[in-house]
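Novice: Below, each chain spelled out in residue letters.
Protein chains: 2
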Amino acid sequence: MKKSISNDLIDLQGYICLELEKLDGLGHFKQDDWIREEGGGGRTNTILNGKIIEKGGVAFSEVYGNVTPEMKNQLGIDGSSFFATGLSIVLHPKSPHIPIIHMNIRFFEFDNKNYWFGGGIDLTPHYVIPYNAAIFHNDLKNICDTYSLEFYQKFKSWADDYFFNAHRCETRGIGGIFFDHLSHKSTLLPKETLFEFCMELGKAFPKIYKKQVELGKNIEISEINRTWQQLRRGRYVEFNLVHDRGTKFGLISGGRTESILLSMPPTANWVYGYQAFENSAEQETLDWLRKDVDWLSFMNN
Amino acid sequence: MKKSISNDLIDLQGYICLELEKLDGLGHFKQDDWIREEGGGGRTNTILNGKIIEKGGVAFSEVYGNVTPEMKNQLGIDGSSFFATGLSIVLHPKSPHIPIIHMNIRFFEFDNKNYWFGGGIDLTPHYVIPYNAAIFHNDLKNICDTYSLEFYQKFKSWADDYFFNAHRCETRGIGGIFFDHLSHKSTLLPKETLFEFCMELGKAFPKIYKKQVELGKNIEISEINRTWQQLRRGRYVEFNLVHDRGTKFGLISGGRTESILLSMPPTANWVYGYQAFENSAEQETLDWLRKDVDWLSFMNN
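First to last, the protein sequences are chains A and B.
The opening residue of the first sequence carries number 359 in our numbering; numbering runs sequentially from there.
The opening residue of the second sequence carries number 359 in our numbering; numbering runs sequentially from there.
Hints were generated in silico from the structure; no laboratory data involved.
Even for Gly, the Cβ is constructed at its ideal location relative to N, Cα and C.
Where hints are given, some of them may not hold.
[Unchecked claim] Taking beta-carbon pairs under 8 Å as the criterion, some of the chain B residues facing chain A (in silico):
| id | residue |
| --- | --- |
| 1 | T404 |
| 2 | G415 |
| 3 | R526 |
| 4 | L599 |
| 5 | E616 |
| 6 | P624 |
| 7 | T625 |
| 8 | A626 |
| 9 | N627 |
| 10 | W628 |
| 11 | G631 |
| 12 | Q633 |
Extracted from the complex, chain A is given alone in its bound form (with noise of 0.2 Å):
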């Protein structure tokens, strides 16, 4: 099975890419196809200068090999070779008022029959809107719920807790969902119904991501909305390169920079004390940015 996981994300990868290039209008996806010497490669898409995506990646891998200490101690797994897939996408909007996205699916398996399933989609808005960040959470859960109406808010607490910039005491974005070590085990659900799930979240993605484009596309960008934007950049790159245990682990263990960092935003600002005028939409924000709000309650808002 696992060789069908791995070509049905690399299926989904080009999907993905069609329906964002769709959606942007002027921008082109680049492939970069590469090798992993000790087993394995990737195709990682880039897009660049678009009309609304400023940078992006929507990269595919599939590697293997033996388990090495630093995987046995990070992933506390005891099999002896790994198989991983995955496919992981960054986009960076050019208007401050569309969102950043990340989403990310992953599948593990061992020797020894023991897998996993990991991902989840979450959004990092540069100015947070409640009703935007409901109908972002909305579309999550419509999907989760289909799979099991526990996910929903296990998954939203746990994207919470992840994409949490601790130094910053503030959390990355609005959350969305995040879930990892998914397996019969752990759901009592069937490895098909959880791979089903994953790819359900990876085939509505352009369409989720669509809705906050529409949602920002046409509101006007000031200056103080430029220099916000590069300062929330800066934020994305502190907590990617601070805190993210996937990049740390990445990085640390030897896996491909250049995919790892493409999460990168093209430019970002840093300002020494930087503070928002009081009531302002950018404190506002900062207001926002913290765990277990319930963005459903501002459906009808």
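Assemble the complex: chain A is given as a structure, and chain B must be docked to it using the hints.
Specialist: Just chain B now, kept in the frame of chain A:
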């Protein structure tokens, strides 16, 4: 003695800021005093949009309190309360032909009377020019040699190892000197002499940087120079957030985030799979970013 070390460091901060203002000719430092709830505080001086310096910080701190488990872990100490004072500098120049510079002096003391000094100065040119690197290393060697003929070589290698951006397989810049855990026990030099060494480095800092500024400030800046500078700033961010032990420790242990991240450049860019042109100045720089280069050997070139 610890209080007099603090006092000397805060005087040194004042002296360095004054000298840097003279060197810059336009920018002025803004003083930001802060208090640490658990004990101590600091003075963070920042300069923005000068003629030479685009963004820079000269930060003094004096903190004390109980030794936390994180400190025990990271610093390998067995005292129960600590005193730490230090001065940190990072300057990001406007011109890509002037290097980024970093300096640090730090002093730790514990209730069991154990103490140590640490610190160093290192240089991160956007474009590596061996002769300029030789001037810099020669300045450092001259100071080191006054105190011990072993210092320069030992501390130079230490800097090569410390300022290594492992996931990029390149050094951050051309290194300099880095030292830690200097005490009477480890060096056979009296505590006063070790502090004198640190202070002499600090006093020499503005002169050392002035030479590097003079070497680069009249070189014309092309569009590719500017692009390259932004990418090198991106690497500086990567080193500081992924590898720098001081930054990581500070952020994880609840240090003052704004002061720790003073080292961030004003702006930075990331490009997927950037390739420097063959035989270009950019490629030449990449070729120099390795450990164990004997920069002093370029003194007469």
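Novice: Indicate, hint by hint, whether the structure satisfies it.
Specialist: For each hint, the structure was consulted:
{"no.": "1", "hint": "T404", "result": "5 Å, holds"}
{"no.": "2", "hint": "G415", "result": "7 Å, holds"}
{"no.": "3", "hint": "R526", "result": "6 Å, holds"}
{"no.": "4", "hint": "L599", "result": "4 Å, holds"}
{"no.": "5", "hint": "E616", "result": "5 Å, holds"}
{"no.": "6", "hint": "P624", "result": "6 Å, holds"}
{"no.": "7", "hint": "T625", "result": "5 Å, holds"}
{"no.": "8", "hint": "A626", "result": "5 Å, holds"}
{"no.": "9", "hint": "N627", "result": "5 Å, holds"}
{"no.": "10", "hint": "W628", "result": "4 Å, holds"}
{"no.": "11", "hint": "G631", "result": "5 Å, holds"}
{"no.": "12", "hint": "Q633", "result": "11 Å, violated"}
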